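Enquirer: Residues per chain, in single letters:
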Amino acid sequence: MTDIRKVGVIGAGVMGAGIAAHMANAGLPVVLLDVVPDGANARNVLSDTAVARLLKTNPAPLMHKRNARRIVTGNIEDDLNQLGECDWIIEAIIENLDAKRDLYARIETERKTDSIVSSNTSTIPLEKLTEDLPERFCKDFAITHFFNPPRYMRLLEIVAGPQTRPDVLQSLHSFADQTLGKSVVTCKDTPGFIANRIGILWMESAVRFAFEDGLTVEEADAVIGRPMGIPKTGVFGLMDLVGIDLQPHVAASMLATLPEKDLYRDLHQPSTFINQMIETGFTGRKGKGGFYRLNTESGKRVKESIDLETGEYHPSTPSQLESVAAGRQGLRALVNHPDKGGRYAWRVLSHTLSYAASLVPEIADTIQDVDEAMRAGYAWKWGPFELLDQLGPAWFSNRLQQEGMPVPKLVTAVGEGNFYRNQDSTLESFGHSGRYNTISRAEGVLLLSDIKREGDRIAGNSAASAWDLGDQVLCLEFHTKMNSLDAEVFKVIGEVITLIPAKGFQALVIYNEGNNFSVGVNLGQALFAANLAGWSEIGKSVKQGQDIYQALKYAPFPVVGAPSGMALGGGCEVLLHCDAIQAHAETYLGLVEVGVGLVPAWGGCKEMLLRWMNNPKHPQGPMAAVGKVFEAIGMANVSRSAEEARDLLFLRPTDNISMNRDRLLADAKAMARRLAVDYSPPTPPEIRLPGPSGRAAMTMAVRDLCKAGKATSHDQVVTSQLAYVLSGGEADPTVPVNEADVLRLERNAIMALLKTPGTLARMEHMLESGKPLRN
Amino acid sequence: MASYSAPLRDMRFVYHELFDSSDISALPGFEEATPDLIDAVLEEAAKVCENELFPINRSGDEEGCRYHQGGEVTTPSGFRECYRAYAEAGWIGLSSDPQYGGQGLPAAISTLLEEMVCSSNIAFGTYVGLSRGAYRAIAAFGNDTLKTRYLPKLTSGEWSGTMCLTEPQCGTDLGLLRTRAEPNADGSYRVTGNKIFISAGEHDLTENIIHLVLARLPDAPAGVRGISLFLVPKFLPNPDGDPGERNGVLCTALENKMGIKASATCAMSFDQATGWLIGSAHKGMQAMFVMMNDARLGVGVQGLGLSESAYQAAVEYARERLQGRSVTGTKHPDKPADPILVHPDIRRTLLTMRALTEGNRAMATWIARHLDLRERAEDETTRASANDFVQLMTPIAKAFFTDYGFDITNMGLQVYGGHGYIRENGVEQYVRDSRIAQIYEGANGVQALDLVGRKVPAHTGRYLRQFFHPVQSWIESHAFTPALQPFVMPLAKAFGRLQLATGHIAQVGLKNPNEAAAASSEYLRLFGLVALGYLWARMVEVALTHENGADQGFYDAKVATARHYMERILPQTGSLFAAIMAGASTMMDFPDEAF
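Residue numbers (this note's numbering), protein chains in the order written: chain B, 1 to 775; chain D, 1 to 595.
This list has only true hints and no planted wrong ones.
Only pairs whose alpha carbons sit at most 20 Å apart, straight line, appear in this in silico EDC-like list of lysine to aspartate or glutamate:
1) B:K188 with B:E362
2) D:K493 with B:E537
3) D:K511 with B:D486
4) D:K47 with D:E81
5) B:K540 with D:E476
6) B:K112 with B:D78
7) D:K511 with B:E488
8) B:K139 with B:D189
9) B:K381 with B:E586
10) B:K112 with B:D79
11) B:K755 with D:E476
12) D:K335 with D:E320
13) B:K188 with B:E127
14) B:K340 with D:D219
15) B:K409 with B:E386
16) B:K543 with B:D486
No lab work stands behind these hints: they were computed from the structure.
Predicted model, so just to flag it, every value in this text is computed and none were measured.
Next comes chain D alone, as it looks inside the complex:
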């Protein structure tokens, strides 16, 4: 049976030591986010996740959500109680504006909380995650009436949110959207249409559900330029703000899914449902992209969270499971067999899981810090640069974390052998639960296209500067530090490949977009690996300053994990580079009919 213990030591390392947390505390509004407070918050969060969320993870998977006649949906046992406790403790509004009842803590902290939630119970995480997305869209684009009416309730968790994009004929291509909205005399709208795959579309956790719905106005131009965003509550609020009349929105079915079974994935029907426009008419995609971009980092963190759980479970099992003897002779003569941890391939697997998971945690925090800088930095240049960085890194984080989320949970299952395939051991759930993250919020192939098609060429490569310049100058200034040689050299090599590949894709992509698209997935992976290489090299730099100090074991393990990353994982950049440079011809010259 798998267990979970929040990686607080590593989180503190990333938050305070790898990056300088004082620059985040120095931002206006974060004066109270002192190191002591941050550590206390993380410890409390760990308790909730370990003691409340994790225990109902497997039972929730077994039981799933239930659909009832009349469109009601109930969540698995324990979810309601757990949700109430979680909301009352203020976790939902951890980084929300104090004006609406939030705690006003940095996004860098709430990202760490999200990781813990996803590690312990990802299905539970979907409910609170969607509320955060709705909060952000209303906060960014809603008018004051909508903000004062809805944001406090979404912050307290009394109400929850959804994102209603997908329709049966319209997935990635939102231009095909059909749901329509007609204006009422009082400035509201009547929304009519069918939506599918709506996470948290209906459930019993909150007294009201706030749907953010994409729809077309009567005079809307065709395609994505004619989409507007509407707020459609399940219950129309009374003048006193409490839920009143039932609105014309109904859950018509629940999907039966591969994973995240405790998350209610609903088919929703809107029938003349009353709603209000968020932002400007026909500019719904713009608002949607704000939600999506933030949500994409959140989905990436789902992959990260499950990677951590899988790693912990695999390590625990590898220590306990006695099978065979070490190939170099018995290591534990007192036992009937050696623990499988002695075997090189098991160790390779575990270190690979660990190096990627810790690296991804560092990257998630790196990006989340820039969310705070973008929001609150006092000078405009810093805010603009932070936005460039977030724009660039978001598709990478989403696809890289979730592709590895699936790979790592699968590696964890492999360590368990046949027992991993048995449900009650819990690790097969991680594999199933992680799979969706590669698909939703923009499939990973779409993330790769976003990277090569939008983010790389934007403003003639300006977004790239926020990554390439710091990495280049770090390499230059550490190239001659002897202790860092084993780390700087492989990084410099991989970074050179990334530079060449980027230049190449930009050039060939200009002439033939198929070339850039054909290279996009490998390029995104290459980018992610180099980013982790940089973060690992910097983590080593920090760890080496702690020689013979407290916590020696932790820092030694950092350096050792970094070596594994540099020597066993980062070299994959060579094969990715070769594949990228090979061009699109293998796939584009192949006749359609021969497939």
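If we strip away everything but chain B, and leave its shape as in the complex, we get:
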């Protein structure tokens, strides 16, 4: 096994730089090399500008700006020797066989024994890359195909050649999985590997049939998007994103390498419409526009769509297709719908899914590899075989036959069954051998979805549930829409707190497998209650939240929060009350209440004060901490990674980060078990707050911002309430207050704000547009 401690990346383009950044995110030193451009004085100009670009790109390739320091830049003329220290050397240069092979020869002389070399190629077969290269090289070589952007796309496709050492594969696999957090899928040396092979055909069919069936781009994307569980960019939005000019290259490369009787060859047609777009510079977001564009001529940002017949832009209008609405009842309702959207959906799905089914085992050993590739590489919610199960394989097969389309062998083989089945609480998948095989998880991977399939719910309602993770650890799961928090969730937390000691559990993990850990309070409920002037009800629910979070904090057992995705507002506050946090690297934490005209009132102000006051690295005295918290909450700072959350003290030094989403629960459980040994709850702290004089400093600062046009009039209203809470109201700095005092101030502040029209307008605007109102 190769222990990967240092990585070299050659090629500082978008992919190479992104891969280098993610290596740095994982804590590794990286050497990033590129050529010396003709006549360049600064010989590292390419890799240097690449690193500079990494710091400016949005979404950020780096989880923390300081990670850039782990990347050492250089060029392949002067610095190739630096590769001698690298355990893994990744080639990510242009897709040119000769260039790659030349480079390999040069690498081969520099690299150390047992180091691994891989290519990030997406189009060139491994067989060609390694043809006639020395055995030593071939043994240590593989293809590692990252997806763009490497930090965010979970898929890593690995292709081994016939000579590749098993060790190499194993090292790459476990490193990518555990250290990089990737979902690794082993592929065969076939064109486009798995994800692009299917994805390219899917895009081809989705674009072609949209033209043929007379759909608008909005309609096509509405059909393709949510109903099929595909990101809402659909197909045309995705083309704009990746660059329309890429398409002819992709097509050419596929046509050059695909087997002779491949469906793609039948389906592919050069489009004069698209070629004209490319020729005139309409290449998507990076060009003058794409299938969509933002028109700012009128001073406003108007989203426009291209007319697929005339090529003219017009303001985008949401699709009115009834089939899309029908699709909420399920995929079959969508494809059965008689309107053009329904027919279009069927044409796209019938081609894409048949194609995927016909490629096992040609491109992948198992159907779950295919599904995982599409989920992790194209961000589909469901893979092709999961989609087939939704339609029903037998139904699908019947309809193909009725329409004279060939039925893939695998679909025939599965017969009346489904591709996945739940056999005695074990998940099984249908193999190309014609038998079902158990799907096993790697060691250290624990999925709540598996526990839920196997286990009984210990407690719960429609909003939250408690599950037995084994080893006396209980898991609390939110499952409301966006995992928003309401009285029903609190009811379950309350139950869990009494149930853990009563039933012999020793620790609690708060975790779920939603896209976001929690977006905080159910804003719609809160706004509705406020419009009803339901002050006493609202007051009660604020108090209920505070009580339940305090109860978690002082419970006689350890509580570990295990967030992934967004944990905002009340969703962040629950984590602040945990004994420890095991966060997925992609966790976005923030107390964003001011954006909707509120202040944190489920103990968020209180906990942040305590964290800053107890932070040994910061100056003592009440005002320093208060100022920091005022800034973080007043600016609604959100961490853009778990690592950044450390700077904001949402995470403490003792909290941990898991790179791989699938390993988060197991890591959190392990942490909970460690904490459960001789656990004793925290001691209630005393807090010294500055009182009126401290408040004046904060309100004056906001007044200045307001004068400078950097804060709005309602910002002033909200932050003055926040300042009141954080300064301790009428507190005397020499007399300590307790947690209950701060909680009371939080309640008073939020109730006062809820009665202001400015706050209600902010809440309504957020609910209706998803964006904060600057009033």
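Chain D: place on chain B using the hints.
Expert: Chain D alone, transformed into the frame defined by chain B:
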């Protein structure tokens, strides 16, 4: 024989004392609407209604409208003369834009005028009411040509208007509409189709009739998204603006109805009739909703007007009618029997009629003031908030006023006993005339659905804020005023029920729309009762400031009526609340075939 005297004292109370009329006079364009002017206008209006409209109310009911060969319709005797006088005095354009010849007075005033008209002769009111609806739609959505050509004539009353929505197969569900419109080369359209139940569709009061017709264009999408609104005059105006060539629109029959017999309810046939588009193609429903929303408040006021007439008639009769003796001993030994006014149940009936009628008048004015604020307030926030309030309260006013309009006219008939059942005494006409108001302009069940399905959830409850916040803060600031205790406490209790019921319906309705729909009628009633409770409590607050002053009797009666409302009517909110919380299962689980 019933009589009618306009309740001017109460109208002045509501307009000037309960609400602050100076904020309406302060709106741009209302500078001249001083208290003196308003009072003078109301007095003149009262004279017209009492002396001109009321005397032809019963005769109009007996005589009805007549259909003549060739499609002509004549109104009952006296209507033509009365209409001419009414129009010439400028009443039709009371709140219309002076630019088109209107008087430019507040909507809050014209609402009071409408009440008087409906009290004295509701059938007459339908003719002028429809002209106002047509005026508003053209003013809001018509182009300048249409406005200058039609609005002055509609304002002066020389021409009248109609709303042509209903077709034989298409009532509440306008998506089923079939009338079609085809474009002509000159930008006009040819409208063809059949409409039924068209009030004032044909008559002899005006020289021209302007029909606003819903129809489909050739390229229209199916359903309500494919409906456009057209202006189709009976006579096409000449270039000089006078009626010219007869258009292809014909009244083919008159309906024979339960009530409002002097109002011509017509079946209309449009045959290639020339018309002009109002607003944008396929956006007719939007324009229609403007008309409808205003018209709905107007229909609510019909219920209010008839309630007032019925109350006056019942009081008069209860004083005169001698039957039996008081259960506690003779009260009028000089007479052969005591007047029935001594009997508790008669008094209960009369006070119930009075409390609801005066309460509804306060609510009508409350809403109408917001029409003025919405139209003319200088800052946008006030205009937007006023619109929220009007949106919320309109379905409540329509259904609540007209349901009680029927109940109250029926109570009035009951006070008359057998004599109420006799036509010449006039009170059975009120019952018959009031009945339609529960049905047209959106049946009251549809109003309830509009409330729970659209108005309550809109913008996560934003419309509600304009009602709930003022009521809550009034309760909070008066909770400890000793003299108001008997009023604030029951209000607070009922208001709490309304808050809970609203939250409950919003929550269960989200998961199962049947739940919200099943609760909708009771919820609307609950809402109306709480709104009246608030207005009654505020009326008491005002009345109590007049202790030992002039008009003591009036203010004492206000407080006493308020007590009756709080103690005998508002508690119904308890049973309504229980019914709402019981959920939809009784009606939804019942098998269809078992009905």
